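Visitor: Residues per chain, in single letters:
Number of protein chains: 6
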Amino acid sequence: NKYINKWQRRFSTFIITRKELSTKSALLIPLMNAVRGMSSSGGPTPPFTTLSVSRPAETITHVEICRPEKRNAMNKAFWLEMVDCFNQITEDSECRVVVFSGAGKLFTSGIDLMGMASDILQPEGDDTARISWNVRRIITKYQETFSVIEKCPKPVIVAIHGACIGGGVDLITACDIRLCTQDAWFQVKEVDIGLAADVGTLQRLPRVIGSRSLVNELAFTARKMYADEAKSCGLVSRIFPDKDTMMAGALEMAGEIASKSPVAVQGTKVNLIYSRDHSVPEALNYINTWNMSMLQTQDLMKSAQAAMEKKSLKDITFSKL
Amino acid sequence: NKYINKWQRRFSTFIITRKELSTKSALLIPLMNAVRGMSSSGGPTPPFTTLSVSRPAETITHVEICRPEKRNAMNKAFWLEMVDCFNQITEDSECRVVVFSGAGKLFTSGIDLMGMASDILQPEGDDTARISWNVRRIITKYQETFSVIEKCPKPVIVAIHGACIGGGVDLITACDIRLCTQDAWFQVKEVDIGLAADVGTLQRLPRVIGSRSLVNELAFTARKMYADEAKSCGLVSRIFPDKDTMMAGALEMAGEIASKSPVAVQGTKVNLIYSRDHSVPEALNYINTWNMSMLQTQDLMKSAQAAMEKKSLKDITFSKL
Amino acid sequence: NKYINKWQRRFSTFIITRKELSTKSALLIPLMNAVRGMSSSGGPTPPFTTLSVSRPAETITHVEICRPEKRNAMNKAFWLEMVDCFNQITEDSECRVVVFSGAGKLFTSGIDLMGMASDILQPEGDDTARISWNVRRIITKYQETFSVIEKCPKPVIVAIHGACIGGGVDLITACDIRLCTQDAWFQVKEVDIGLAADVGTLQRLPRVIGSRSLVNELAFTARKMYADEAKSCGLVSRIFPDKDTMMAGALEMAGEIASKSPVAVQGTKVNLIYSRDHSVPEALNYINTWNMSMLQTQDLMKSAQAAMEKKSLKDITFSKL
Amino acid sequence: NKYINKWQRRFSTFIITRKELSTKSALLIPLMNAVRGMSSSGGPTPPFTTLSVSRPAETITHVEICRPEKRNAMNKAFWLEMVDCFNQITEDSECRVVVFSGAGKLFTSGIDLMGMASDILQPEGDDTARISWNVRRIITKYQETFSVIEKCPKPVIVAIHGACIGGGVDLITACDIRLCTQDAWFQVKEVDIGLAADVGTLQRLPRVIGSRSLVNELAFTARKMYADEAKSCGLVSRIFPDKDTMMAGALEMAGEIASKSPVAVQGTKVNLIYSRDHSVPEALNYINTWNMSMLQTQDLMKSAQAAMEKKSLKDITFSKL
Amino acid sequence: NKYINKWQRRFSTFIITRKELSTKSALLIPLMNAVRGMSSSGGPTPPFTTLSVSRPAETITHVEICRPEKRNAMNKAFWLEMVDCFNQITEDSECRVVVFSGAGKLFTSGIDLMGMASDILQPEGDDTARISWNVRRIITKYQETFSVIEKCPKPVIVAIHGACIGGGVDLITACDIRLCTQDAWFQVKEVDIGLAADVGTLQRLPRVIGSRSLVNELAFTARKMYADEAKSCGLVSRIFPDKDTMMAGALEMAGEIASKSPVAVQGTKVNLIYSRDHSVPEALNYINTWNMSMLQTQDLMKSAQAAMEKKSLKDITFSKL
Amino acid sequence: NKYINKWQRRFSTFIITRKELSTKSALLIPLMNAVRGMSSSGGPTPPFTTLSVSRPAETITHVEICRPEKRNAMNKAFWLEMVDCFNQITEDSECRVVVFSGAGKLFTSGIDLMGMASDILQPEGDDTARISWNVRRIITKYQETFSVIEKCPKPVIVAIHGACIGGGVDLITACDIRLCTQDAWFQVKEVDIGLAADVGTLQRLPRVIGSRSLVNELAFTARKMYADEAKSCGLVSRIFPDKDTMMAGALEMAGEIASKSPVAVQGTKVNLIYSRDHSVPEALNYINTWNMSMLQTQDLMKSAQAAMEKKSLKDITFSKL
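Residue numbers (my numbering), protein chains in the order written: chain A, 1 to 321; chain B, 1 to 321; chain C, 1 to 321; chain D, 1 to 321; chain E, 1 to 321; chain F, 1 to 321.
Calculated directly from the structure, the hints in this document are not laboratory data.
Treat each hint with caution, since some may be false.
All copies of an identical chain are treated as equivalent in the list; a pair is satisfied when it fits inside any one copy or across any two copies.
Here are the computed lysine to aspartate or glutamate pairs in the DMTMM-like style, where the Cα-Cα straight-line distance is at most 25 Å [said to hold, decoys possible]:
#1 70 - 183
#2 320 - 84
#3 302 - 252
#4 302 - 124
#5 224 - 315
#6 302 - 119
#7 151 - 282
#8 141 - 277
#9 311 - 126
#10 151 - 84
#11 141 - 91
#12 141 - 92
#13 311 - 127
#14 141 - 84
#15 302 - 315
#16 224 - 256
#17 224 - 252
#18 320 - 127
#19 151 - 126
#20 311 - 69
#21 76 - 126
#22 151 - 277
#23 76 - 91
#24 76 - 119
#25 314 - 126
#26 151 - 127
#27 320 - 119
Only a predicted model underlies this, so the values are computations on that prediction, with no experimental measurement involved.
Please put together the full structure from these sequences, using the hints given.
Guide: Next comes the structure, spelled out in structure tokens:
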């Protein structure tokens, strides 16, 4: 395992076995204790300087944006480290689910304007065309920061508490499942600093929530949206009373997903994203080509047998993927 | 009329005239009596072995998945019969609306794993490529089972009670309007048996409901979703207290739709599906080419005249289509 | 300024400064008084015969469909004047936001069947092909009536009271933000007059609200949908108790948007519409090409500075666009 | 073998072994003798009335349009039989390549106007909309006649002699490889009978030849194009002096293709057609999903081994597909 | 007739009857005499200042770029007048074919750099974003100059002599059929003046000729291509010895096309352009919706009858379109 | 300069100045001498083991596949090094054009079957699904090898001598301009080793040459195509008598392109590739967004001035890009 897993070592008495995860009442207290114990005091996991990566269970990776003293603002390092981090997760055949959250008092205050001023406010180049050329390269690179989340075939559950501003919305719309605390709020902030959001919000938010009138209102007015509205419009699928409960809930959901066949789960993600970007007939054509091999997995037999024997999938061992 | 219309014969005293359908209070009792009398004891309508097809009104076809003793599990015969059934409905110029429901205690338990094991679990072929080739042919054929519902230009109202599992969700997302009972629940079950859903759910569900976070959660966790959440997320547009009331409501809605110009209604379905799969400018271009002839229908004049004379469309006779 | 701004002249004592707009409590009363005073008695603004165009603030244009004696029915003149009106607004570098509403007792009763009978019911042509050719030209022209709203890069807030029928739904789905009064209702009326809606509803409504089952139900049954359902399904993003309050709210929202960088706001609209019609990777590629120059705006520096100095954007002067 | 193979029986002395096919000089004489002996006097192969289907070699199917007394005009039966015939070929796991040609003095004079007058010139329907609805169903059905050629994954070599008019051009542009005799000529005839070609020419011809100016000229003027121009513009890839030589050449090419791995060849066809209709990145994404299973074929090892041992593929036995 | 038809008046003795056009030998001499007499001395046709529009036959419009003293350089007026001119032609129900050529010694030297310097070299705007915004509006407007040629459903034959440089190539690639003289040469000149061609060449040239290597070479090196290479690569479909012969040939081809059903010819153009921009299945779906009405033209019966009676279409009268 | 430029050092007397390149007659002899002296004896340029990278001129990079003793077969290292090499070239703001060729007696014999057997013939994985998963990752990685050529915005001229087999065709179809010697031949070899070509040929070849019949023939039969046919079908745009002359010609063409504005040339490449994968209206929309900034380059003024002063662009200094 290539991550320095501080969190796991510190709480070695807390081992989430697959069985425990399913017995909800027994689980809640240790899960919440565990989560309450989580802190970003440990700080980022080297070589990362903005991310803390841990392994709450063998098949679950927890990634935390970890600059609490800067309100988790996204600085230059963050944009690059996310790409490395998620590329590693993609290659990590043990990992089956990712939980993403923010250290400290809030999820993220968005882009670190001070830290990135040179890139954004003073791009280089001998004339307008050359400046533009460089700006485009930079935006393209920054877009990749969140696109890697989609390219990673493992489901990514994002758990949001407190503020989620600007780049934070770009980030969470690239994740698969969104959970939040009751005190969370969201703000498509970009127009307020004079730009059209260009790393994902304008592209993904309209596909993530059902009301286009609301998408437009949020994008044009930069107003705050609180947890309840976020739930009723579909941006998040669940609200939790506080961060500890949410983290416990996220881990439980992650454990549930991690117990299923990775061939099934990751094939599902690949095809959900494909179908978002293609017509229904195109997407049907793609999945029949995808599944012509994937249905030949042993997981199908194992899962079917478990279903017939009414066994929990948590008692089944699937090969790595 | 090519369907053996048992239901209609048995309730010959119950004739849904267009007028009665619009006087709601008078209608409710006979409709509910009629529906209460409906049962799948009559069994499938030959030549079908899994479907019961009847004609509650001249312009309305009722299709029922009818293997109640097997919890309406989808066996090999079902996958083929659906295609024949809906192709016949497409060709039936009298029929203007379809109501689809399930016989017995629940809507459907999804794929009949036992009955289809040979196709899915032991596909033939001399090597992996040839097995894959055959698997792809099978999936393509099964996809057609639900795509015929979309290719049929008549609106399909699906009425769901009790469980709607796995293949059931693939089916209902291909229908046009979804109604359910208070006791209905839905489960995107495929990951639990080790596969990515490949006959429609992953392709259509994200276009059917507004919250992508919820779509993903359902597809990755295979958790149950109950009627209330289904209504609030937009999967169904109405909940009824029980099956009888729902069937009455479905028939009333079907009667309403059947009273309109079939040129207008079926053109609407064709273009709604086209516009789902194309950009807005593409879809506008298509409908102006579609309507250049369709606006030349006599139905336009008849409908406009009825509107001006404040007559009900139920008193207007439109030609078959 | 090329519009005859009657409204502004009549209420010269009411000047919405940027600062006032942000002090909500102080604002409400004059705003509501102003709005209460608004009437369509002044009638259309020449050269328009169906539209009244005014300038409630320097950067906000108010367009009102103004045939109250005909229930704002859309006659031949309306279809053409909308195109001229919005093309002018597109070219008007002062204007940053548009508010659209209806004069009199209701928003619009939709197409003026009587006034357009010749075009629709008796198109010209020597044979069916030639009639069809002409019908297609007419539809294409009418589609443009609402597409200009999308092609105009300035956000369009539509405020709906009372009935919004048929062509009215086509119109409002082409606007960016939808507000309505508690007494508003919506009706996709086209099937009732024998045609498939061909100027936008079938193409845009499914992208505007989250429940496809509901879209289909509305389009097939032509039933009315009232304000509360419109809000819960996402068609409108806010309900107001009455028209005056709504107009005040619309103007306040317009003022808020108008205070932001027009480069940011209009770039946002262009890219939101682009991303609706393209896949996420396509839309990301487009915005990075768009922003390679747009990020070189002075507005970015001005806005960033205001943000850091905690100043309101309403105190910042942006150049025209 | 489900085809009544008259041709093969009649020429039982002529057996094309794989080895003979590769020894070109020895082959030419018997091939040409065989072909010279071919005639359509035997007539169509029941149950077909317009097609003669034979099996010149185990893995090669020869389909001949066979109404020589009517200049191979395409009548109602032809449009339906083509679909049955190619669907059978698709299912026939022995067949690896198809050769298509015309019986008698010319390839085809195109649509049989007399025989199809009722469909085309007098379509049924109560009003213009309903007539149009029926016309559309008919065209869709006729389009399928040639689209089945593309949906069949086996390469189709078409050999054209004499006239190839109207529907003939629609047909040959749906084939994979086009050969012709020196006396062949081609005519996109549709404008001459008052219609825009709607069963494939306008859609496929521009993708088949390189000069758009020429495509347009042919489609607008309906002028004849002779063999030499057809070769230089890329419509055909080879010209032969006469029909016998051409048929020998077609069979030799068919034999060559039939000797290769069917997994490779048919995967190639599927992906060539996919890539025609998609962007390069889309098509690359599709083939990597396709080949993830198809590369697991034994044919790869067999072929690689043959290549290394410098053996002819004609000496290798591949499994059926 | 809304064009001041100088050319026609001057050569009133030359009347191209439909019959004459088909008797080639008799035609050649008067055609060439007529053409020899053509000159641009008459100058532009008011209200145009850069275009001369005439009517060599009732159904044929001849448009000539007419600034011979400036080597037909494209100035500001030209870009606007083209749009007006082709919009008028689109609306002109008499006109069935357009011939486009250049007055004086060469076809066109391309963009008039001097005359357009302000637009291109010194665009307005308060900052880079606003300058870019204006530049984009200008390019969009200029793109329309050639896109109108495609939107016009009448075939456009372009006849090129001498130089065809820069914008000239953008223009001719938007035309349908390209003819040239032996002394013609073509140059994709844009890189030589420091820009990527943005009004059509990069978009259309690769679809117009078959060799992508050649397209790229021409676009990157800006080298000249002479008539013979233009013919062999498919850019032009015919070469003529000199301008007079070419104009006679263009008129003859125009006469040939004009003699066919305009429903067939213009439907062919609309669908050829649609199919260029869509996949084959999409394009087939479009044409079956198009033809469901267009096949109901009387032209079909008239043309079919003429075909059966072996009459020339030039003796048939079709209604205007 | 980060490449170890052996070639340049060895031939320090040979300096291609911009001026010399344009005086063709004087140039030919030294160019040919220089080229004659080129050999792969110097071997690959570290850190590359399969590629030799040199700098024949300041703005031109020469990449040579350099495993002559293995007939330039593509081994594992090659697939990775190509990506690094072209990514470096993309970042190298001095380089404006790339020339690609093969060392030794032929261009390339294609994939190194022996060296890659483990990847292709024995992929890892616990079951068919997992093997397929890995195979897909490998193919995706190998596709990138040639896609980087397209993603690099600098034009790539490929110069082919002798054999160009299998993977070689995938490679050259991803290049922009293709030149070859008289003794060159091409072979789409993949079906002969039992697979459908999956790293570019099936996707790009049909867009590179004009005859689809020929594309199919080459892909299905794996026959050789010689230089003359390659020229006449448009695969290559020029044939040279021998390798030395070809290299001189390639360098001259490269010099010509390198003399132009890099903003213009590289914008041209980006847009040519974009337009290949999009419809014409989409591509026009993209380039107007691209050029809104790129037209603000100083290169436009410099180039325009040179054009007006009839100066050679080789005397103009453009900034790096």
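Visitor: Are the hints correct? Go through all of them and say.
Guide: Evaluation of the provided hints:
Within a single copy, residue 70 and residue 183 get their C-alpha atoms as close as 19 Å, which meets the 25 Å cut-off; across copies the closest is 48 Å, which misses it. In this homomeric assembly, residue 320 and residue 84 come within 25 Å of each other (Cα to Cα) only inside a single copy, at 21 Å, whereas the closest approach across copies is 30 Å. Taking identical chains as interchangeable, the C-alpha atoms of residue 302 and residue 252 lie at most 25 Å apart only when both belong to the same chain, with a minimum of 23 Å there against 46 Å between chains. For the identical chains of this complex, residue 302 and residue 124 are inter-copy neighbours only, at 20 Å across copies versus 57 Å inside a copy, given an alpha-carbon limit of 25 Å.
Proximity of residue 224 to residue 315 under the C-alpha cut-off of 25 Å is restricted to the inter-copy arrangement: shortest distance 21 Å between copies versus 44 Å within a copy. Taking the shortest alpha-carbon separations for residue 302 and residue 119, only the inter-copy value of 17 Å comes in at or below 25 Å, while the best intra-copy value is 52 Å. Proximity of residue 151 and residue 282 under a CA criterion of 25 Å is satisfied in both settings, with 19 Å inside one chain copy and 15 Å between copies. Proximity of residue 141 to residue 277 under the C-alpha cut-off of 25 Å is found in both arrangements, the shortest distances being 21 Å within a copy and 22 Å between copies.
With identical chains, the CA atoms of residue 311 and residue 126 are at most 25 Å apart between copies only, with a shortest distance of 23 Å across copies and 67 Å within one. In this homomeric assembly, residue 151 and residue 84 come within 25 Å of each other (Cα to Cα) both inside a single copy, at 13 Å, and across copies, at 21 Å. Proximity of residue 141 to residue 91 under the C-alpha cut-off of 25 Å is found in both arrangements, the shortest distances being 20 Å within a copy and 13 Å between copies. In this homomeric assembly, residue 141 and residue 92 come within 25 Å of each other (Cα to Cα) both inside a single copy, at 23 Å, and across copies, at 17 Å.
Proximity of residue 311 and residue 127 under a CA criterion of 25 Å is satisfied inter-copy only: 22 Å between copies versus 67 Å inside one chain copy. Taking the shortest alpha-carbon separations for residue 141 and residue 84, both the intra-copy value of 12 Å and the inter-copy value of 17 Å come in at or below 25 Å. Taking identical chains as interchangeable, the C-alpha atoms of residue 302 and residue 315 lie at most 25 Å apart only when both belong to the same chain, with a minimum of 11 Å there against 41 Å between chains. In this homomeric assembly, residue 224 and residue 256 come within 25 Å of each other (Cα to Cα) only across copies, at 13 Å, whereas the closest approach inside a single copy is 32 Å.
Proximity of residue 224 to residue 252 under the C-alpha cut-off of 25 Å is restricted to the inter-copy arrangement: shortest distance 16 Å between copies versus 29 Å within a copy. Taking identical chains as interchangeable, the C-alpha atoms of residue 320 and residue 127 lie at most 25 Å apart only when they sit on different chains, with a minimum of 10 Å there against 52 Å within one chain. For a Cα distance limit of 25 Å, the shortest separation of residue 151 from residue 126 across copies, 23 Å, qualifies, whereas the shortest one inside one copy, 35 Å, does not. Taking the closest pair of Cα atoms, residue 311 and residue 69 come within 25 Å of each other only across two copies (24 Å); inside a single copy the shortest separation is 47 Å, beyond that limit.
Taking the closest pair of Cα atoms, residue 76 and residue 126 come within 25 Å of each other only inside a single copy of the chain (23 Å); across copies the shortest separation is 30 Å, beyond that limit. In the homo-oligomer, the alpha carbons of residue 151 and residue 277 lie at most 25 Å apart both inside one protomer (13 Å) and across protomers (21 Å), since each shortest distance falls under that limit. Within a single copy, residue 76 and residue 91 get their C-alpha atoms as close as 24 Å, and across copies as close as 19 Å, so both meet the 25 Å cut-off. Taking the closest pair of Cα atoms, residue 76 and residue 119 come within 25 Å of each other only inside a single copy of the chain (9 Å); across copies the shortest separation is 37 Å, beyond that limit.
In this assembly of identical chains, residue 314 and residue 126 lie within 25 Å of each other by CA distance solely across copies; the values are 20 Å between and 60 Å within a copy. In the homo-oligomer, the alpha carbons of residue 151 and residue 127 lie at most 25 Å apart only across protomers (23 Å), although the nearest pairing inside one protomer, at 35 Å, exceeds that limit. For a Cα distance limit of 25 Å, the shortest separation of residue 320 from residue 119 across copies, 19 Å, qualifies, whereas the shortest one inside one copy, 41 Å, does not.
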